[in-house]
Amino acid sequence: MSRLKKILAVVPAFNEEGSIAGVVKELRQIAPPPDVLVVNDGSTDQTEQEARSVPCAVVTLPINLGIGGAVQTGFKYAAYHDYDIAVQVDGDGQHIASEIPVLLKKMETSRADVVIGSRFIEKKGYTTSWIRRMGVAVFTGVNSLVLGQKITDNTSGFRAYNRRAIAFLSENYPQDYPEPESVILLGINGFQLEEVSVQMREREHGQSSISAARSVYYMVKVLLAIFVDLFKVRICH
Amino acid sequence: MDRVQIVSVLLVALLLGAIFQLIRKNRLLEQYSLLWILSAGILLIMSLWRDLLHKISALAGIYYPPSALFLLAILCGIMIALHFSVVISKLTKQNHTLAQEMAILKQELQEIKKKG
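If you read the sequences in order, they're chains A and B.
According to this note's numbering, the stretch in the first sequence is residues 120 to 356, in order.
According to this note's numbering, the stretch in the second sequence is residues 128 to 243, in order.
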């Protein structure tokens, strides 16, 4: 086997003092334990202190950049410190650390640049509102149409990226609601995307960045961004 | 010169004076003043040179020539606002990049201090 790959788990966290330490501890229990980076996105609570109490690197943004800017900081850190693979994991405890090897295995076997952990490949009955189910269906439809590939879970923030994708995204990452848009961005720029079925938990603390009432606004905004992306000048890489 | 002409020339002259004063005091960078000077220049020419304003009005089917002056002024304003949106977008991106790089370097500095 080739040399051991350097793996970084990137955990964006905005006001996640209740869950962040637990998330890092859980990540460090995987064998072999990956390096963990917590990107503290200008939190106003004890997120930074909580993260520093557990074995991980903490990068604290001086201003709140939003989820896109925080995750992008993780890509920049991974590129700067020469990591082979970056795995994005939410700071709210929604993602299950022991599913990471599933992402990594898929990346190894499929030659994909990006592997997305999907809740919807196997129907496991996640309790979501009808409006969110509709949103999921719309994103799947639009992205399938544009990319000619069916991505079932476009809003999943549980993903693994290889070196090539890290280098690209550290320069170009959408800012507001980056997950569905980055799927398109990666796809039209020639990156290989794969999905693999994973389980996720119901949220432990805090609330989703997308409340049911704002779902429609969110959807329109992301669709508009995707539409604009189609006409943007392609970025060479 | 009739009254409307005097008023518009005076106003444009006031605007130009303010722009130059701001540049002189280093409160307005030259790169952001160009559109302002250009706009004020167009309005000044139109205010002084009545025949040109009348011709343009006739060409565009505007019956009341001073309306053409308003139209030009509004267009200049829109142009400047659009330019500012572009500038703000650029500044926002640069701001993001600076915050990210600074945070990454600060983390590295703390690591080095801890070890040293």
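Simulated from the structure, these hints should not be mistaken for lab results.
Note that CB positions come from ideal geometry on N, CA and C, so glycine has one too.
Warning: the hint list may mix true and false statements.
Cross-link-like lysine to any residue pairs, in silico, SDA-like; alpha carbons within 20 Å at most [what the hints assert, rightly or not]:
#, chain 1, residue 1, chain 2, residue 2
1, B, K220, A, S172
2, B, K220, A, S289
3, A, K125, A, G161
4, B, K240, A, H200
5, B, K220, A, K224
6, A, K351, A, V335
7, B, K241, A, P174
8, B, K220, B, I239
9, A, K224, A, E290
10, B, K217, A, A140
11, B, K242, A, S172
12, A, K340, A, R252
Pairwise CB distance ranges, derived in the manner of DEER restraints [said to hold, decoys possible]:
#, chain 1, residue 1, chain 2, residue 2, range
13, B, S216, A, G137, 55 to 65 Å
14, A, T228, B, E228, 27 to 37 Å
15, B, L236, A, D295, 26 to 36 Å
Okay, the hints, checked on the actual structure:
Between K220(B) and S172(A), the direct Cα distance comes to roughly 32 Å. Violation of the 20 Å bound is thereby established for this hinted pair. With a C-alpha separation of about 13 Å, the suggested pair K220(B) and S289(A) falls inside the 20 Å cut-off, and the hint holds. Distance check on the hinted pair: K125(A) and G161(A) sit about 27 Å apart at the alpha-carbon level, beyond 20 Å; violated. In summary, the hint linking K240(B) to H200(A) is supported, as the alpha carbons are separated by about 18 Å, within the 20 Å threshold.
For the proposed pair K220(B) and K224(A), the alpha carbon gap of about 35 Å is over 20 Å, so the pair is violated. A hinted pair counts as satisfied when its Cα atoms are at most 20 Å apart, and K351(A) with V335(A) does not qualify at roughly 24 Å. About 14 Å separates the Cα atoms of K241(B) and P174(A), which keeps this hinted pair within 20 Å; it holds. A C-alpha spacing of about 29 Å is found between K220(B) and I239(B), which places the hinted pair above 20 Å, so the restraint is violated.
For a cut-off of 20 Å, the pair hint linking K224(A) to E290(A) is broken: about 26 Å separates their Cα positions. Of the supplied pair hints, the one linking K217(B) and A140(A) is violated, its CA atoms being roughly 36 Å apart against a limit of 20 Å. Distance check on the hinted pair: K242(B) and S172(A) sit about 17 Å apart at the alpha-carbon level, within 20 Å; holds. Pair hint K340(A) plus R252(A) holds up; C-alpha atoms about 17 Å apart against a cutoff of 20 Å.
At roughly 36 Å, the beta-carbon separation of S216(B) and G137(A) lies outside the given 55 to 65 Å, and the hint is violated. In this structure the supplied range 27 to 37 Å holds for T228(A) paired with E228(B), their Cβ-Cβ distance being about 35 Å. Against the hinted window of 26 to 36 Å, the Cβ-Cβ separation of L236(B) and D295(A) comes to about 30 Å, which satisfies the hint.
Violated hints for the displayed structure, listed by number in ascending order: 1, 3, 5, 6, 8, 9, 10, 13.
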